[in-house]
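Line by line, the protein sequences are chains A and B.
Sequential numbering from 602 applies to the first sequence in this note's numbering.
Sequential numbering from 83 applies to the second sequence in this note's numbering.
Where hints are given, some of them may not hold.
[Said to hold, decoys possible] Here are the computed distance ranges between Cβ atoms for each label pair: (1) A:Ser734 / B:Val115: 48 to 56 Å; (2) B:Arg99 / A:Lys662: 33 to 41 Å; (3) B:Leu129 / A:Ala682: 17 to 25 Å; (4) B:Thr348 / A:Lys662: 39 to 47 Å; (5) A:Asp792 / B:Val342: 58 to 66 Å; (6) A:Glu673 / B:Ala95: 50 to 58 Å; (7) B:Val115 / A:Ala682: 26 to 34 Å.
[What the hints assert, rightly or not] DSSO-like, lysine-lysine: derived pairs with alpha carbons at most 27 Å apart: (8) B:Lys323 / A:Lys625; (9) A:Lys718 / B:Lys131; (10) A:Lys742 / A:Lys726; (11) B:Lys131 / A:Lys721; (12) A:Lys689 / B:Lys131; (13) A:Lys743 / A:Lys721; (14) A:Lys662 / B:Lys131.
Worth flagging that the hints you see were computed from the coordinates, not collected in a lab.
These figures come from a predicted structure and were not determined experimentally.
Every residue, glycine too, gets a C-beta built ideally from N, C-alpha and C.
Chain residues, written in single-letter form:
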Amino acid sequence: MSDEKREGAQIQIRDLHKSFGEHKVLRGVDLDIERGKINIIIGGSGQGKSVLMKHLMGLLKPDRGQILVDGEDIVPLDDYALNRVRRKFGMLFQYAALFDSLTVGENVAYPLVEHTKMPKVEVEKRVIEQLASLGLKNVEKKFPAELSGGMRKRVGLARALILKPEILLYDEPTTGLDPVATKNVDDMIRDISKDTGVTSVVISHDMASTFRLADRVSMLYEGKIVVSGTAKEFLRTDNETVRNFVEVSGAVEMPARGAQ
Amino acid sequence: MEEAERKPLSGLAKAERLVDRLWAPLVSLTEVVGVHLQLLGRAGYWLAKPPFRVAVFLESAEFIGVQSLIIVAMVALFVGMVFALQLVSSLRQFGAESFVGATLGLSLTRELAPVFTAIVVAARAGAGMATELGSMRISEQIDALSTMAVNPIQYLVTPRVLAAIIMLPLLAMLFNCVGLAGGYGVAVWYEGVDRGVFLENARWIVDSRDVLQGLIKATVFGCALSTISCCQGFYASGGAKGVGQATTRAVVGSFVTILVLDYFLTDVILIVQSK
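Excised from the complex, chain A in its bound form:
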């Protein structure tokens, strides 16, 4: 089967521990990120979701454990070697993290200018195409501060996508957006996943979005993954914490306990 390589886990996290001083944030996380799927990690504030995500790209070093990206353990790599692995990734930050000293066009072009020898005309063309594919026109000359939150996020996404990454990380993509903008971002995540076959990892505490999008849902609680599975499997759990978390949101109805 030629598709076999495209199946299965692209990132495997094994027994990941991380403390900041006395504070233990991750206490043995085990998680598989499925290739080409939308993997959503939910959890309350301060449960270490962002810390976990930062480990995936080597922005933080764990105290213990393994992170295998396409089978390669990235934990022992130094900055220089990590830069090679990081080029497989794109990341959309919670507040887009655009460089505010550069224009929108320069922001989106930045990875191309850094990592390719593409001529300037070609770069400009690619930038305009990328922005247009996300529904943004005539914004290249503007500065990030002149855009709305939703637009900034789309620019951030354009910047993350421009090098055609294999894995896209989204850090709470819908936080701070109104319901319509939230829906737009959700649609964008789904379209990108469908069109490019990229592996998506989304951190969220937005239950409605989560169950609209997810191929797989995992919940991080007290530094561990307590439940992980497809959206259906996830909703059937008996785990009290998970049921509570989902029910309180009121966004989805949980089947009765023990229901099949």
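We have chain A; now place chain B onto it with these hints.
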């Protein structure tokens, strides 16, 4: 109340606690110095790796050097002038006003130029760098650089430290010239010191080793103030308030470090030069 409820400590435990308490500030000072030196080391390491960030370097050099020209010149002018005023009034009591030029020249080249230049640049550019890097840190722009496989130290810290190291001696040289001109103006035109005596004594006493001493200091101060400012900004945390605190720490830390370094550098340089 709480004290009374605790068990009384034995003599040894008391002594241990006292040592701990005295030791703690020293440990944290060592830690702070260590973090700065580590960042400086990494900035140096990334200087040796391609690519060199020419555009950021030029921008930083412009910000640290060119944009400081006017303020450094103004400070130099008035420092030279007030120093001449004080020197004339005190040296005149000993009938030694012929030495105004020499004393002013020595003080400027050895001490005033490097120290004042560094303090002006720390207040202006140091604060600016700490705020800029701090804002980039809290808005995750520094993390964003890493995710795009760009090393943030190489991109942000190395060019700034290098620019400060190159720009500070140049600014100190400007300080020397403007300060001496200001002092000359006050001493000769306002206080009536003989022009020939002023210049001849200055030329006789002040030599290239004095100028060199000042320029070496300026270089070291430039390295120190840019490392401190970048470090505070780079590791800032805690939102807008955190950036404010980082900026304050950058400026205060730079001032204190410049003055402390000044003493020890002077000591070393004088010993070396007297051999």
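Right, here's what the structure says about each hint:
{"no.": "1", "hint": "A:Ser734 / B:Val115: 48 to 56 Å", "verdict": "holds (50 Å)"}
{"no.": "2", "hint": "B:Arg99 / A:Lys662: 33 to 41 Å", "verdict": "holds (34 Å)"}
{"no.": "3", "hint": "B:Leu129 / A:Ala682: 17 to 25 Å", "verdict": "holds (19 Å)"}
{"no.": "4", "hint": "B:Thr348 / A:Lys662: 39 to 47 Å", "verdict": "holds (42 Å)"}
{"no.": "5", "hint": "A:Asp792 / B:Val342: 58 to 66 Å", "verdict": "holds (59 Å)"}
{"no.": "6", "hint": "A:Glu673 / B:Ala95: 50 to 58 Å", "verdict": "holds (51 Å)"}
{"no.": "7", "hint": "B:Val115 / A:Ala682: 26 to 34 Å", "verdict": "holds (29 Å)"}
{"no.": "8", "hint": "B:Lys323 / A:Lys625", "verdict": "holds (26 Å)"}
{"no.": "9", "hint": "A:Lys718 / B:Lys131", "verdict": "holds (18 Å)"}
{"no.": "10", "hint": "A:Lys742 / A:Lys726", "verdict": "holds (14 Å)"}
{"no.": "11", "hint": "B:Lys131 / A:Lys721", "verdict": "holds (25 Å)"}
{"no.": "12", "hint": "A:Lys689 / B:Lys131", "verdict": "holds (22 Å)"}
{"no.": "13", "hint": "A:Lys743 / A:Lys721", "verdict": "holds (19 Å)"}
{"no.": "14", "hint": "A:Lys662 / B:Lys131", "verdict": "holds (22 Å)"}
Violated hints are absent here; each numbered hint is respected by the structure.
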